[in-house]
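Single-letter residue listing:
Number of protein chains: 2
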Amino acid sequence: MNEYHMTPGQFREEGKKLIDWIADYYEQVEQYPVLSQVKPGEIKKQLPEMPPLSGEPFDKMLADVDRIIMPGITHWQSPNFFAYFPANTSFPAILGDLLSSGLGVQGMLWATSPAATELETRVMDWLAEMLELPQAFRSTSTGGGVIQDTASSSALAAVLAAREKVTRFSGNEKGVQQKLVAYVSAQTHSSVEKAVKIAGIGRENLRMIDVDEKFALRPNLLREQIRQDRESGFLPFFVCATIGTTSSNAVDPIRKIGEICRDENLWLHIDGAMSGTALLCPEFRFHADGLELADSFCFNPHKWMFTNFDCDCFWVADRQHLINTFSILPEYLRNQATESGEVFDYRDWHIQLGRRFRSLKLWFVIRHYGVEGLQFHIRKHVQLARWFAEQVSLSPHFELVTSPPFNLVCFRHNGTDEFNLQLMNEINLSGKIFFSHTKLAGRVVLRMSIAQTHTTKKQVERAWQLITETAERLRNN
Amino acid sequence: MNEYHMTPGQFREEGKKLIDWIADYYEQVEQYPVLSQVKPGEIKKQLPEMPPLSGEPFDKMLADVDRIIMPGITHWQSPNFFAYFPANTSFPAILGDLLSSGLGVQGMLWATSPAATELETRVMDWLAEMLELPQAFRSTSTGGGVIQDTASSSALAAVLAAREKVTRFSGNEKGVQQKLVAYVSAQTHSSVEKAVKIAGIGRENLRMIDVDEKFALRPNLLREQIRQDRESGFLPFFVCATIGTTSSNAVDPIRKIGEICRDENLWLHIDGAMSGTALLCPEFRFHADGLELADSFCFNPHKWMFTNFDCDCFWVADRQHLINTFSILPEYLRNQATESGEVFDYRDWHIQLGRRFRSLKLWFVIRHYGVEGLQFHIRKHVQLARWFAEQVSLSPHFELVTSPPFNLVCFRHNGTDEFNLQLMNEINLSGKIFFSHTKLAGRVVLRMSIAQTHTTKKQVERAWQLITETAERLRNN
Numbered sequence: 495m496n497e498y499h500m501t502p503g504q505f506r507e508e509g510k511k512l513i514d515w516i517a518d519y520y521e522q523v524e525q526y527p528v529l530s531q532v533k534p535g536e537i538k539k540q541l542p543e544m545p546p547l548s549g550e551p552f553d554k555m556l557a558d559v560d561r562i563i564m565p566g567i568t569h570w571q572s573p574n575f576f577a578y579f580p581a582n583t584s585f586p587a588i589l590g591d592l593l594s595s596g597l598g599v600q601g602m603l604w605a606t607s608p609a610a611t612e613l614e615t616r617v618m619d620w621l622a623e624m625l626e627l628p629q630a631f632r633s634t635s636t637g638g639g640v641i642q643d644t645a646s647s648s649a650l651a652a653v654l655a656a657r658e659k660v661t662r663f664s665g666n667e668k669g670v671q672q673k674l675v676a677y678v679s680a681q682t683h684s685s686v687e688k689a690v691k692i693a694g695i696g697r698e699n700l701r702m703i704d705v706d707e708k709f710a711l712r713p714n715l716l717r718e719q720i721r722q723d724r725e726s727g728f729l730p731f732f733v734c735a736t737i738g739t740t741s742s743n744a745v746d747p748i749r750k751i752g753e754i755c756r757d758e759n760l761w762l763h764i765d766g767a768m769s770g771t772a773l774l775c776p777e778f779r780f781h782a783d784g785l786e787l788a789d790s791f792c793f794n795p796h797k798w799m800f801t802n803f804d805c806d807c808f809w810v811a812d813r814q815h816l817i818n819t820f821s822i823l824p825e826y827l828r829n830q831a832t833e834s835g836e837v838f839d840y841r842d843w844h845i846q847l848g849r850r851f852r853s854l855k856l857w858f859v860i861r862h863y864g865v866e867g868l869q870f871h872i873r874k875h876v877q878l879a880r881w882f883a884e885q886v887s888l889s890p891h892f893e894l895v896t897s898p899p900f901n902l903v904c905f906r907h908n909g910t911d912e913f914n915l916q917l918m919n920e921i922n923l924s925g926k927i928f929f930s931h932t933k934l935a936g937r938v939v940l941r942m943s944i945a946q947t948h949t950t951k952k953q954v955e956r957a958w959q960l961i962t963e964t965a966e967r968l969r970n971n
Numbered sequence: 495m496n497e498y499h500m501t502p503g504q505f506r507e508e509g510k511k512l513i514d515w516i517a518d519y520y521e522q523v524e525q526y527p528v529l530s531q532v533k534p535g536e537i538k539k540q541l542p543e544m545p546p547l548s549g550e551p552f553d554k555m556l557a558d559v560d561r562i563i564m565p566g567i568t569h570w571q572s573p574n575f576f577a578y579f580p581a582n583t584s585f586p587a588i589l590g591d592l593l594s595s596g597l598g599v600q601g602m603l604w605a606t607s608p609a610a611t612e613l614e615t616r617v618m619d620w621l622a623e624m625l626e627l628p629q630a631f632r633s634t635s636t637g638g639g640v641i642q643d644t645a646s647s648s649a650l651a652a653v654l655a656a657r658e659k660v661t662r663f664s665g666n667e668k669g670v671q672q673k674l675v676a677y678v679s680a681q682t683h684s685s686v687e688k689a690v691k692i693a694g695i696g697r698e699n700l701r702m703i704d705v706d707e708k709f710a711l712r713p714n715l716l717r718e719q720i721r722q723d724r725e726s727g728f729l730p731f732f733v734c735a736t737i738g739t740t741s742s743n744a745v746d747p748i749r750k751i752g753e754i755c756r757d758e759n760l761w762l763h764i765d766g767a768m769s770g771t772a773l774l775c776p777e778f779r780f781h782a783d784g785l786e787l788a789d790s791f792c793f794n795p796h797k798w799m800f801t802n803f804d805c806d807c808f809w810v811a812d813r814q815h816l817i818n819t820f821s822i823l824p825e826y827l828r829n830q831a832t833e834s835g836e837v838f839d840y841r842d843w844h845i846q847l848g849r850r851f852r853s854l855k856l857w858f859v860i861r862h863y864g865v866e867g868l869q870f871h872i873r874k875h876v877q878l879a880r881w882f883a884e885q886v887s888l889s890p891h892f893e894l895v896t897s898p899p900f901n902l903v904c905f906r907h908n909g910t911d912e913f914n915l916q917l918m919n920e921i922n923l924s925g926k927i928f929f930s931h932t933k934l935a936g937r938v939v940l941r942m943s944i945a946q947t948h949t950t951k952k953q954v955e956r957a958w959q960l961i962t963e964t965a966e967r968l969r970n971n
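Residue numbers (our numbering), protein chains in the order written: chain A, 495 to 971; chain B, 495 to 971.
Among the hints, erroneous ones may be present.
Heads up, the list lumps identical chains together, so a pair's fine if it works in one copy or across two of them.
The calculated lysine to any residue pairs, modelled on SDA-like cross-linking and capped at a C-alpha distance of 25 Å, are [what the hints assert, rightly or not]:
1. Lys533 to Gln830
2. Lys926 to Gln830
3. Lys673 to Arg662
4. Lys673 to Val660
5. Lys533 to Asp514
6. Lys951 to Thr962
7. Lys510 to Asp553
8. Lys926 to Trp958
9. Lys554 to Val895
10. Lys926 to Ala831
Simulated from the structure, these hints should not be mistaken for laboratory data.
For reference, chain A alone in the conformation it holds in the complex (with noise of 0.2 Å):
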C-alpha cells in the first residue's frame, strides 16, 4: 500500500521533530551570524551533483540542514536584523500555514473549496475595518479584497485593472494602442516599473515625479506632467502614491494626489507594502488621509504584520476592472456556483489560476494577537526607532537623514560615503547585526529598519553602541 510513502506515524515522528527544531531555532537564532558569511557556490558544491536513486531516511536530511544549508543562511528572524525591511514571522502565522499545506486544497474556485474562498472574503474584510479602509474597499460594498503573494502582483494588478477601465482593454484590445502613461515619484517601489514593463506599456512611458525634501511626491509637479502629457498626446491612466516607501519610509500626499486622479480621471493605487500595517493604530492613520480617493491599496502582512512570507493584501474599490482584467473561463471549470454570480471565484483576481488556501495564516495571527496584540508590537517597534534616531540627533557624528515616520530609520556618518560603506560592511561582516543603506539625495545614507518580531530594546542598543563604536575605530585608524 504504501511504497516508497511516508507513512502517518512516520509523519508524526518526523513532523514532531521538525517542530522541535523550529522552536530551537528561535531560541537559539542569535547565536548564529545575522549575515551569511559564505561565498558564491559554497553551498552548492556540497550538494551532490546527481539526484539520489534511492529514497533517503528523513534524518538524513534535516542533518544536513543543520550542516549544509545553516551557514547559508542570512537570518531574517534574528531580532539583529535591521536590513532591507522586515520579513517578520510568528508562530502562530507559522502554523497556519503547515495547516494550509496539511490541507492540500486548491481554491482557484469557490467550488473547489469554499471554506477558503470565504475565509479569505472575510478575513479581509476584517482587516479592513482594522485598518479603517475606506467602505467602497469591502466585500460588502463595489470592491473587496484578495491576498496576493507580493506588493509587486499588487502594483501589476493595479496597473492591468487601471488600463482595463481606461481602455476597456478586453474588449477592445486596440485601446492600448493608445500611448498610456503611468506616473509615480522618484522613490516609488521599482516594482512600479516593472509592471509597465510587463504590462508593454514601456518604461519609457513611466514618468518619475520629483520629490520633495521629506523624499514625498510633488502634487504640482504631476499635475504640470499629465497636463504636458495631454498636450502631446499620451493617454494618462495610473498615479502610485506609496505610505512608507522602501528606501526612505517616505509618505506621499495622498489627498492632493487624489484630488489630482480625480479630476484627471487616473486610477490611483497606494503602496502601503511596507508600512500600512501602521495604520492598525488609530494615531498612525493620518499618513493614509485620502485614502477614500484611491481605486486600490495594498499593505503586506508578510512584511510587518507577523505573517510569514508570502502575504500581500490587496483591494479595490470597484472589483469589475480587476475581474475584467483576470477572467478566463474554459468548459473545464465550469461550475454551478460560479454561474449562479453568488459567488467570488478568486482566481480571478489575480494573475495565477491555481492559490493554496491563502487566508489560514493570517487567521491564525489575528485571531492569536487580537487586535491590541498587534497594536501592542507596532506601537513598540515605533517607539524603538524613535529612539535610535534621538541617539543619531544626540551624537555629534551622525546625522539624521529624515525624521522616521514609522520604524525605519535613515542616518549618515558626517563624511563620505566611503566611510558610510565601510562603515557598514565592517558591522555587517561581524555577523553582530545586518542593517543596509540606499542613496538619498545623492549620498549615500544608511538604514535601520526596526521591526522583526523579536526585537526588544536590548538589541537596539546593543546595535547602536556597535554602530557608534565601530565607527570611533574606523576614525582613528
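Based on these hints, arrange chain B on the given structure of chain A.
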C-alpha cells in the same frame, strides 16, 4: 518580553497537536464527502463579522477549523478525488514547506540567503537530469531553471522573454508597437490567453490553431497561419505547445512545431504543467521528442509530483532574455555578490521581488522518494488510468473519447450531454468520489484524473462501479 507572542514552549505543544491533526486528517480523509456540500455564504455567516480585539487560545482556533472550516473543504487530498487535475501533496513536502515557513528566509537575492538560491539551482539541475531535459536548460550552460508559483506565471514569463528577444523591449519600448502575434492550439491552457492579455499584446493577437482527432495542434495549419500573418504585416513571435493538455491530455507534436519555430525565429514554450512529471520515466519521454528545439519548458511538481502547492518548475535555454525582462536594481538592493556577476538573483527571473525558500520541499520530496520511488508512483497512476480506460472500452454503455497517454481518462456515456452531466452531478453530490467534465469536439466528456498521492486500485475500482451502477439506475428511471 513576550507580550502577546506565542512562546517557543507553546509552539512546541500546539505544533505537535497540529502535526497529529494533519496525520489524523490523512488517516480519515475518506470519511469526508469529497466535494464540499455547503451553499454560498454558509461558511462566511459562521465567522464573526468583526475581528477579535483580544487574542484567543490556539485550541479555540483549531476547534473552529473542525467546526466551521472542514465542512467547506473539497478534499483534494482524498484518494477519491478524480476532478480537474491533481494537486497532490506528500508528507515530506509538507515538512519541507514547514521548514521554509520556520526559517522565514526572504530569498530575493543570492545575498539575502545564499543557500536558498544555491539549493534551488542544484535541485533544478537535478530535475533537468531526472526528466532528461536538453543540455541548454542547465544552469551550467546558457539557461537554467527557477521555481515559479504556477504554470500561469511561467507562461507569462515565457511570453515576456519571447517579446524581449524579438523586440528588445526593455531597451526599445517602441518595439512592442509592432503587431506581435502568438500561437497556441485550441486546446492550450487558458493561462496563455491570460498572459497575452497581461502583456498588452491582446487576445485578438492570439491565434488558436485547430487540432487533429487526438486534440493535438496541426503543424501545417500553424505554418500556414504564420505565413498569412507575416503577409498581413504582423510579427509572429511565440508558440506554446503542450505535453498533456488540461482538457484531454493531448500531446502536441513538439519536433514538428519546433522546426517551424526555428525556421521562423519564434520562441517555443512547452507547457508540461500537468503531465511533464511523466518524463521521469524513460518510457514516456518519446512524448517530449524535439524538446531541444524549445526555448522554455515548465511542469508542476505541485500537480503530479507529490510536492504541495505552489511549485512550478520553469527552465529557459537562454537565461539572458528572461533576466533582461525582469531585472531592476534599486540602490537599496545593491550588493557585492550581485555586482560580481557570479551569482543568480532569482528576483530577476520572475514577477515577484520577494520569495520564500522555495526549493526546500522539492529537495525533501526528491530525497525522500528517490528517482525510483517517484517513477514507481507515476507508473502506478498510469496503469490505473489504463485499467479504467479498458473498463470503459469493454462497456456497452460508455465510450472512450481518447486513448489516455498518461493518467487522465476522457470518456462518456452513450447519448446526450445532459445525461452525462446528470450522471456526473449525481455522483459528485453523493460525496463518494469527485470527478469533472470538459467539452471535446462540441460534446460533453467526463474526465477521471487518476493521480492523487494515495489513490490505489481499490478507489479506482469503486469509482468505476459507482459510475456504472449510477448510470444504470438513471437509465432505468
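Against the structure, the hints:
| no. | hint | result |
| --- | --- | --- |
| 1 | Lys533 to Gln830 | between (56 Å within a copy, 11 Å between copies) |
| 2 | Lys926 to Gln830 | between (58 Å within a copy, 19 Å between copies) |
| 3 | Lys673 to Arg662 | both (14 Å within a copy, 19 Å between copies) |
| 4 | Lys673 to Val660 | both (12 Å within a copy, 21 Å between copies) |
| 5 | Lys533 to Asp514 | neither (30 Å within a copy, 40 Å between copies) |
| 6 | Lys951 to Thr962 | within (17 Å within a copy, 69 Å between copies) |
| 7 | Lys510 to Asp553 | both (12 Å within a copy, 18 Å between copies) |
| 8 | Lys926 to Trp958 | within (12 Å within a copy, 63 Å between copies) |
| 9 | Lys554 to Val895 | neither (50 Å within a copy, 47 Å between copies) |
| 10 | Lys926 to Ala831 | between (55 Å within a copy, 20 Å between copies) |
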